[in-house]
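Residue numbers (my numbering), protein chains in the order written: chain A, 1105 to 1474; chain B, 24 to 389; chain C, 14 to 304.
It is possible that part of the hints are untrue.
[Claimed, not checked] For the chain A half of the interface with chain B, some residues (derived, Cβ under 10 Å), not all of them:
hint, residue
1, 1284
2, 1305
3, 1338
4, 1417
5, 1422
6, 1425
7, 1447
8, 1448
By construction, these hints were calculated from the structure, which means they are not laboratory data.
Note that the structure is a prediction, hence the values are computed from the model and not measured.
All residues carry an ideal CB built from backbone N, CA and C; glycine is no exception.
Residue-level listing of the chains:
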Amino acid sequence: MSAHLELERLEKTYPDGTRAVKGIDFAAAAGEFIVLLGPSGCGKTTTLRMTAGLELPTGGAIRLAGVDVSQQRPSRRDVGFVFQFYALYPHLTVAQNLAFPLECVGTPRAARDAAVADLAHRLELGPLLSRKPRELSGGDQQRVALGRAMIRRPQIWLMDEPLGTLDADRRLAMCEFLRVQQLEAKVTTLYVTHDQEEAMRLADRIVVMHDGKIEQVGAPMAVYDEPASLFVAHFVGSPGMNFLEGSLARGSDGWRFVARAAADRAAAPAAALELPLPPALARAPLREGPATLGIRPEFVRLAAAGPLRATVVLDEYLGASRCLHLDTPCGPLVARVAPEAGAAIGATVALDFSPAHVRLFDPESGARLR
Amino acid sequence: MSASPPALRLDSITKRFGRGERAVPALTDVTLEVAPGERLVVLGATGAGKTTLLRVIAGLETPDRGRIELDGRDAAALAPAERDVALVFQNFSLYPHLTVRENLAFPLRAPGRALAAAEIARRVDEAGELLRITRLLDRPAKNLSGGEMQRVAIGRAIVRRPRLFLLDEPLTNLDAKLRESLRLELVKLFRALSVPVVYVTHDQAEALSMADRIVVLSEGRVLQSGTPREIYLAPASPAVARQLGQPAINLIELERRGATWCARDGTPLLPIDAAAARGVADASAALLGVRPEAGRIAAEARASPLRGRVELVEECGPHRVVAVHALGQTLRFAVGNDRSFSPGDAVAIELPPERLLLWPADSSAR
Amino acid sequence: MQERGTNRLKWAFVGPTLLFLLAFNLFPLVWSIVLGFRNGELVGGESRFIGGANYARVFTDPRFAEAIRLTARFVGLAVLLELLLGFTLALALQRDWKGKSAVLTTLLVPMMLSPAVVGLFWNLILNGNYGILNQFLGAFGLPTPQWTTDRDWKFTSILLVDLWMWTPFMLLISLAALNAIPKSLYEAAEIDRASTLTVFRRITLPMVAPLLGLAVLLRATDALKQFDLVMAITGPNDSKTQTLSTLLYQVVFRDGKVGLGASFACVVLVAVIAVATLFTRYMERLKGQPS
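This is chain A alone, in the form it adopts within the complex (with noise of 0.2 Å):
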């Protein structure tokens, strides 16, 4: 499939100097529901922007069906756009909001009310077409946005931030309708947001934005199992991966990772771990030094016996699972648990890791060592 929407070296400076975007290559293909994800700053939602024509690209190119669109006013781009607070027109009803880019395009009457019909039928808005928008709920008044967005019909749909400012309850159901209207009308989507489980749930792919610049695009699995940098493996995943410090040695039985005390713990016994890597990993070209080991916290153990001993420092019960964070001599780390699982705050356990679910990183550059 050829791509749909491709973003080429793009950038964007302001005339203040301030460098949002610093050169954003992607693509899209047509009908992928692609997620940029990424801290408040990171830039996202400026290239949501740029790509919606709301601001001009101050270098690059952004191609819609192959066209170079970077300098089109927004209204010729044929594009849908969610925004975070919804950006209804409130003098108008549901309805009247509903129709109006129909209305912009000289859609006749009675075409247009055919369309408002349908649309509302499977948004589920019928009851609400006569009421204005701040006589709606929050979620209510965002199905009609997306609804405003997806009536056109248009080549792609942005979305900026669409269900922040609902509650979490509602946001898992709207992340879930919101899924099923894609895949049924088979737009291409980029959605930006900061939360990284709606960007699990929701994307084909997720562009993981930091500091202007594209630190890794994949399927949500892959940025979750194979993150490409340190700031991927915080990032992705609630909590983020565990990270310890310490340097690589090649032994005669093969490479390991020799764990550093945590700074703080400068004086307590020294060589608190020692972790022989496994073969998969001890294939890539590693060398011998200074390195950073993650594990994700559902892959660290509580084990009778384990290499490293932890004291549980906090217990969070969250139902389905349990956290324990915990304090190691080499640094803190969390340990996802069953939730019958229990262990009292000031224990002591043993823990283990299974190399397999062991991810390297150069805690210089934070790249991913493989």
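Assemble chains B and C onto chain A, guided by the hints.
For chains B and C alone, coordinates are given in the frame of chain A:
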């Protein structure tokens, strides 16, 4: 005295807004207690009355009925300033033109407090250290990021050493990642200070992970209160069950057919004599609750009479959420991320009886 | 207990203002209603009750009808032109440019001046023989009418001065209304492919309408009372510029007919209340609030 009185006690608090016919009840018969040093989380959707509850405790609203006790003493006659409680808002509400240090010192300079300058400086530094904002102390508040602002707002509550902390969705306006780390820091902080806390939120993850005890509030009424575990594992009603857990609990309508509880279409789901069915032994219809992680799904043909088709698969990191169309509705199950399903797959569903919840059918409205 | 305390406090705050309003607003109102039914004169003896005779005269005397017509014309033209001019200027000045705030501040000056002063110095400017306006027009060889005395120009002159004074007010309100429209609505409209005209007609106008409506109401009630400019420029007894207020002045203070004036004032008051009620109804509807 044998035991110290609760830090806060509300007895049948009722508050309505407006008068006469058009009065809207905001709180109805709310009774709760916060033990010294306890973290109580009030969980409820937007409009459940959470904020009104905090405002009543703080003395910013006068309840129509009911009694408020602080440390065992009636607080009705106390003005907000005399109650010695600290309120942290969702939108930070700092003084933007003042520095962080001035913001922190502000409540200590209030008339009637008359703290020595040295004592003020000491407390501000202490709060700065506790919240790890020491390096920000001399910046104007308006130059801070959201997370930093909320830390300062909490710091402003800490320096006063109030007898009770009230927090109104303090993390709602922050980025997801920041929310997660600040949540942890707050728990550590409250443990260190051992000050009683009433924390209001709509986020079930915050409630479960932060609370010693949770009070579930809906339409101004307390639906249930208990430890996170009690509320998650034994919700008193479907309404409570729906408030906790992510994704939300699956609810299936049942009717009694002979010795079995069956779905509406006749699929047998649970034997009448199962432990979970005891509470509804004499009912003819019931509501079944299945937590997404409690059900099991398998692609291969199992002996289970319950089958369905996969509609959607969503990634959640350590697990996947699989939406399955079965029994004429959508059921969601969480499976490990090592198991893969695709939309369209036929699956067999198993509901282990020991992990099911059952309520009488008419309780669905509650 | 606490409730009663706060109530007492409320009255303590509101009380003095309330007393003041009663003394200086309600009492004169009631007193003019009473006067309207009596044959009182400014100088002279006891007045007595004469029933509806004053009202009968108000409704038959052509002077009153003419004043109402003239005032209506003045209010309509002044408010309409000020609105159009002010709003158009606001659209032009909407974008930020250097020195914008300074210019806007200068524009406030006419409003801050006393109308009597404005009337007096415009009287000088407009003077047909030695006024600066005619000197200016004459220098370019343009016609130099007798602005304040020519029967065909008097009304226009007063209207022009009123425009000079109050267009900035409309401009400022329009700017405030335009600035209050969230930028995201324009962005949404742009995405929705709305043409400039559609954006103006379907977004800008309806969004500014409530505030502009309020401005029109304020300006209309104010223009209905037009007095100072007329007094300063043409005087109270000029049939070409006699507004309601100046006629009232003429009747009461020059003719000395207090009773007749009072009854006339009451008629005007009822009319003004009627107009204002229509306006507020319209505003409610604009807001679309289900009432």
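Results of checking the hints against the structure:
Interface hint at residue 1284 (chain A): satisfied, since its Cβ lies 7 Å from the closest Cβ of chain B, which is below the 10 Å cut-off. Against a cut-off of 10 Å between C-beta atoms, the interface hint on residue 1305 (chain A) holds, since the closest Cβ of chain B lies about 4 Å away. Restraint check, residue 1338 (chain A) versus chain B: the minimum CB separation of about 8 Å is within 10 Å; hint holds. The beta carbon of residue 1417 (chain A) comes within 8 Å of a beta carbon in chain B, closer than 10 Å, and the hint placing it at the interface holds.
Here the hint on residue 1422 (chain A) is kept, as its CB sits about 5 Å from the closest CB of chain B, short of 10 Å. Of the supplied interface hints, the one on residue 1425 (chain A) holds, with its beta-carbon coming within about 8 Å of a beta-carbon of chain B, less than 10 Å. Taking 10 Å as the C-beta cut-off, the interface hint given for residue 1447 (chain A) is violated, the closest approach to chain B being about 14 Å. This hint is violated: residue 1448 (chain A) has a C-beta 14 Å from the nearest C-beta of chain B, more than the 10 Å allowed.
Hint compliance for this structure: hints 7 and 8 are not met, and every other hint is.
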